[in-house]
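*Asks:* Chains as they are written, first to last, in this note's numbering: chain A, 108 to 394; chain B, 108 to 394; chain C, 34 to 593; chain D, 34 to 593.
Wrong hints could be hidden among the right ones.
Unchecked claim - Distance condition first, Cα-Cα at most 25 angstroms in a straight line; then the derived DSS-like pairs of lysine-lysine:
#1 251(A) <-> 145(C)
#2 421(D) <-> 195(A)
#3 113(C) <-> 145(C)
#4 195(B) <-> 322(B)
#5 211(D) <-> 113(C)
These aren't lab readings, by the way, just hints derived from the structure by calculation.
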Amino acid sequence: MNNDSLTLADYGEFETAWCPGCGNFGILKALKEALLAAGLAPHQVLFVSGIGQAAKTPHYLKANLFNGLHGRALPVATGARLANPTIKVIVESGDGCMYGEGGNHFLSAIRRNINVTALVHDNQIYALTKGQASPTSQEGFVTKAQPHGVQASAFNPVAVAVAMKAGFVARCFTGLGDHLVGVLQRAFRHEGFALVDILQPCVSFNKVNTYKWYKDRCAPLPADYDPHDWHKAMETAETWGDRIPVGVLFESDGPSYESRFPVCAKGSLGSQPVDLEALKRIMLAYG
Amino acid sequence: MNNDSLTLADYGEFETAWCPGCGNFGILKALKEALLAAGLAPHQVLFVSGIGQAAKTPHYLKANLFNGLHGRALPVATGARLANPTIKVIVESGDGCMYGEGGNHFLSAIRRNINVTALVHDNQIYALTKGQASPTSQEGFVTKAQPHGVQASAFNPVAVAVAMKAGFVARCFTGLGDHLVGVLQRAFRHEGFALVDILQPCVSFNKVNTYKWYKDRCAPLPADYDPHDWHKAMETAETWGDRIPVGVLFESDGPSYESRFPVCAKGSLGSQPVDLEALKRIMLAYG
Amino acid sequence: MKDTLQVVIGGEAGQGLVTLGELLAKSFVRSGYHILVTQTYMSRIRGGHNTFAIRVGVAPVDALREQIDLLVALDDDTVKLHQATLTQADGVVVIAESSTVAAGRCVRVPFKKLADPKYENAIALGVVAALLGLDQAVVSEAASAYFGGKDAAVVEANRAAVAAAYAWAAATPQPIEKLAPAGASPARLMLNGNEALALGALAAGVKFCAFYPMSPATSIMLNLVAHADEMGLVVEQAEDEIAAINMAIGASFAGSRSMTATSGGGFALMTEGVSLSAMTETPLVIVVAQRPGPATGLPTRTEQAELEFVLHAGHGEFPRAIFAPGSIEECFELTRRAFALAEASQGPVFLLTDQFLADSHRDVPPFNLETSATLTLPAPEPATEPYKRYAFTASGVSQRLVPGAGQELVVADSDEHDEQGHITENLALRVKMVAKRLRKLKILTDNILAPEYEGGDTAELLLIGWGSTKGALAEAAAHMRAAGRNVGTLHFSQIWPLAPAHFLDRLRGARRVVCVEGNATGQFARLIRRESGFAVGGMVLRYDGLPLTPEYIIEGLGHE
Amino acid sequence: MKDTLQVVIGGEAGQGLVTLGELLAKSFVRSGYHILVTQTYMSRIRGGHNTFAIRVGVAPVDALREQIDLLVALDDDTVKLHQATLTQADGVVVIAESSTVAAGRCVRVPFKKLADPKYENAIALGVVAALLGLDQAVVSEAASAYFGGKDAAVVEANRAAVAAAYAWAAATPQPIEKLAPAGASPARLMLNGNEALALGALAAGVKFCAFYPMSPATSIMLNLVAHADEMGLVVEQAEDEIAAINMAIGASFAGSRSMTATSGGGFALMTEGVSLSAMTETPLVIVVAQRPGPATGLPTRTEQAELEFVLHAGHGEFPRAIFAPGSIEECFELTRRAFALAEASQGPVFLLTDQFLADSHRDVPPFNLETSATLTLPAPEPATEPYKRYAFTASGVSQRLVPGAGQELVVADSDEHDEQGHITENLALRVKMVAKRLRKLKILTDNILAPEYEGGDTAELLLIGWGSTKGALAEAAAHMRAAGRNVGTLHFSQIWPLAPAHFLDRLRGARRVVCVEGNATGQFARLIRRESGFAVGGMVLRYDGLPLTPEYIIEGLGHE
Ligand SMILES: Cc1ncc(C[n+]2csc(CCOP(=O)(O)OP(=O)(O)O)c2C)c(N)n1
Ligand SMILES: Cc1ncc(C[n+]2csc(CCOP(=O)(O)OP(=O)(O)O)c2C)c(N)n1
Ligand code: SF4
Ligand code: SF4
Ligand SMILES: [Mg+2]
Ligand SMILES: [Mg+2]
């Protein structure tokens, strides 16, 4: 496939198992557009996902895919990327998958700065399991599992990522499609861990954070916003309420994890021959 | 036991399995002093710990203890505290236990604001397993497992905790004993999750972050430091280098998790009788 | 008039077919019939194809049948997918008048004429009730109770829709035989497996539950949390399954009866905690509601493939018990028993259920809440002075105090420990502690529930099964007996420990022994051989995600 | 002169007794002797009591003995703890002159006079070398090589200390018999189990390893990371065991031969990943280095209690293979084989070792690196067009491509999936996919390593064992044979799958069969019965954290 002749159609068109009106459709559409704009052909991309409505996304386009366990997309992506630093690795995840079951890997991926783009469809709920609170559900949010409302404070993923000085931290809204496409392209270009937390209405289970709710609040960052200003980014990341700023909140440069391993510079590990002479030397040193 | 007549001797004196000169001795000593100062008798306290050199601490004093799995002290403590909100629960953990294996629980404990004091003996290394990097090991830190030095950035627990607006966030140094005793007392008084990250030299495996290294850097916060100023706290938490401010970095008031459950107000759950009449009503409603 | 028939409601997720199904089932129960519900659904929230099947009978019914007598098709796909299994002679399809699908013997319902389409479920309910000859008042009342929480206008609109539909169907000549009148007590409950299990836990005095959502276990916890205030318990959604089991252990240590529930993948994450419960001797009830694996597998379907995994889960060696309820009553009773046994043996006790049982509603008489599990237990050991959490005793059980309840210090340790609970590397002590923990096995073996045998003295064919297949086994055997064969069934509701004395003679006495299991490799048959040396002669295995049925078993026996 | 003897070095952690032990062992090997090292240590960094035991012989030695011929006591506790096991007739203690402890037949070394006390190890080395009649040059060279990395002054100081000590000991009349001269090739390696395993992985072409530190598995990874640059692999310390196994799976999917290593508690956290490897058909080698449980147990001791756990770990049903190396050579060979088999069967393959084997140094001839594992494999299936990751094939194995290496899209799924790898809820497809995965079992059964039998045609007593007990078993049998008994041994280095045809006749043919295991319940004996119906007559079990020894076995046979 010649990347110049790539079209949207190359990413395919599939029947989904999502509810009509779900915010995931907008993300899927933006994702394809961003891949196209970035010139990433299906075979050049490896999606890694977990389990949830969000995590089904890569089944609905053409690309390489490893759809693994709930919450464990990041470690799989990290292993894949270290083993083959020539392929673009994108993680598709839900708020439950990424910040609930997978919370520990989230922290580690940021620390490693592994070159993986993590897209989190953040509907502030566990949707596939029929509507329990997720880590990003707001305090007081009522579900069948939390009949008196959520009693813990909501996890603010972008604030934690900025506090940890993650390489690329963005918040988006599926309802602002073009904006999302733009941020995704920047995320794909970023050489290191890139978090894009995408607000996504779940029309079946989240009757509070609806399209309208997000639409009324989400506003792109001003053009002169400097994502390299950590203080400002921390402040912006903490802003959540009547106004929710969306865009690239924070960006910092630093080598990606894999670039620190000389052996990764030589292409995929599996394609490198086993040096039996070297091994013999190593073995005989035990003599 | 009458709490007024409590003495240090009531917490016992045990042989330890620690190396001579280990920073853990200072923490154990400060801990006993703080318990005494807080008037907490051995039977009024439940320690919960994981696995590591740090996690052995509660075996070396008299108190109730659940010494569980590596990394899992917080969930055990959370369950114990919800089941019995009348007992003081203190977690003893290492940096590997709390921020490595247990990272996901760390995030959740902060979100819940469960009334548990978490003491982390932060020696920036996995000591019990003989010296691999821990999440708090500094970039470039060389070990047998990381012969080219740690390639990931160090986890800054207090920064993440402040970013998440944890109830009580402190950093201490075992070498500043009186200061540590003071902070521990404040932590014990805090009604909610309290993190005390205690810098602790490991004389056997960490030859970089030594007593001298810490001593040269750690300086108590000024008397007029306002731990309720989140911006300031965020800034202070990020300060790590030639100067490491120690003390209570951040404090915020909010109800503890267990105080939000009406049933927890009635004492330990196990002591509350099973209401068979109510159960009969519930059962018959399925008719 | 028919003594028993099978109604299947089919449609997309989101069409409310569970509401319709539950109302119809409840109407049957309140009309004095016995029921058995089997649900199948897909791992999605809207669309796809789901079913709610009710086997209803004048006499108790034990299992789903593959044949459908009355198919309520909420969409055309339902007709296409199920037409082949309509009973040849007289199967009937209830479908909207507006549908153009060819459907054989049909009741075409003028939905739009009868009420606002948003009351589609109420209309379908009224029609089916009239077709089968239920009393309209019973149906209306069930609907009102269900919609009772909503505003009065909604209740009234539903009632009116039921009435209009009932009147229409009653007035139109219909191609279907009515149900024979029934007379079971109306004071029966309608419960599915997870509801009964939750009631069993409440009756046992559960005070703390922690879980991470996972089908088909989640609804156990939703049932418990719904009654948490009234019953004084805490139900905590944890950040992951590891946290869930560790929280439950922490709460148990602190004096609460505790439980967690999950399915295979979530349970995998709990196995370290299982070992912790055993080492610290902390009572814990763990529900593993099975679904097909490996990995994510088929999240909303059924299977019985975690027997060996649950039996050996957790590192190191320690006693455990595993119950596998075969009925709604057993979901209740064995949960209560599991708590008692966990408490008595101070360790992990399992309930192994599955999606089929979890979602299968049946009618049962109200449970006796006053009684409790009857166990044969060793005399309590005298208290030690000073208190030692792990004092060596003849039974292996040491006195368990609650930390903070008195002056005694309670020390529990996941390392090998001394009698006080403190970490030790004394290897002689190690040996004694291993022996102490393993001695507790006797408490479990003293209390094994023997398998239930049905059949003549020596069976020509003996069917073995465990857990949720109980009803299918019984009904398959009944069919074959009716056809003149000498068939016995041996059903295990406790699968660990096993006492060969309870079953070996039966196995040896039968001409042919076949193990019926919802998995692909015959796990229970292997276990039987390991424990008794008896090699089961044949297997009927099912692993397509659907529950075993009498027809499947009979057909399987033919093949093998 | 003695043909074989046992040297035990004892002291506190932090006294450098491993350095001393390894140098002495290496000196033996370079002097043409055979050795076998057994280490015991506590879960602490300084203090406590550790031992480094070397069994040395002119002929190959198979197992540790309980009796000590030469005890090098770096502290007084060592004498107190081990005096009872000194050989009655002529056991000798080497101890500092300054010590006041009563120690029977003694060599009291004037440490302070011989060199600066910080070269204590070098002094002890020189003394022992002289006592046993080793060539001083060999010992000095070993010491120089060991300290070679440090500065020249340190090397020289150590050399001088060795020389002074050697001269002193040689000049003083000693109460100990020297070792008989030996002539094994000096071109042998000295390797412990974890080192050999790491070399096996490198020889198999491992390119990616992920782990979370846990004794006794950690040193496998430390050995690998030490050679990572030279061999072009990545060894990643993960944030937890869940991440470790998932990273290894990701790397394997991306085309690297991958491995992870852990112990029981860490493995518990990996069980979900095991199931993932099976469902996605991703090759993976998993090392489980056993230590005593449950829970944290005894972190630095040995046990064989994870057989059943590893055999059944992971939810759902799928094929797997488990190797249990019994020697250093097998650590190397079976690791290479495990990789080949994982690749061929596209799923999880296990290596089950333990602390004893992990830390046990032995002398072995260099491995042949050019050869590779020989497997009987089905003919490769023709490629499908278009490419389907899970194409249905006769063998169950589908062509595995590397994502990104070509235009073909590689799709793997943890849900039940279609041939392309996309999620499906088609239940007929489900059945076919289950069958496809299970068909791969044949690749495993076609390649089972039969157990090794030693003994006469029909043994009066047959000892069965698996894994690290191989040497103890052999030596126990040799002792008993020497005493005139007709004893056979049957040792399993592969414990799953099992083929009864490989062993059933042996079992039936023996008058009495006893299973020897390092656990408390006889797990392998149960497995034998499950798979073959054969009920093993007796057991010798050890679960105090120490390895099985010939004496323990013989004594156990007397008791049972
Ligand atoms: C180990 C494990 N635990 C639980 C589940 C059940 N599960 C599947 S999806 C899901 C939640 C998904 O939430 P989220 O990631 O927010 O995705 P969404 O469906 O909201 O898009 C859960 C708990 C599972 N598959 N595996
Ligand atoms: C599940 C599991 N994984 C790994 C281990 C091994 N382990 C024991 S302690 C430890 C690290 C301890 O580090 P830290 O918490 O920093 O404590 P320290 O010894 O430094 O005080 C590890 C990895 C374990 N016991 N359990
Ligand atoms: S349940 Fe919610 S997240 Fe899932 S498909 Fe439906 S609308 Fe989307
Ligand atoms: S190894 Fe380090 S942390 Fe552990 S006891 Fe020794 S000095 Fe302390
Ligand atoms: Mg979600
Ligand atoms: Mg540490």
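*Asks:* So, for every hint listed, does it hold in this structure?
*Replies:* These are the hints, each one checked on the structure:
no.: 1; hint: 251(A) <-> 145(C); verdict: violated, 33 angstroms
no.: 2; hint: 421(D) <-> 195(A); verdict: holds, 21 angstroms
no.: 3; hint: 113(C) <-> 145(C); verdict: holds, 23 angstroms
no.: 4; hint: 195(B) <-> 322(B); verdict: violated, 31 angstroms
no.: 5; hint: 211(D) <-> 113(C); verdict: violated, 90 angstroms
Consistency note: the structure conflicts with the earlier hints numbered 1, 4, 5.
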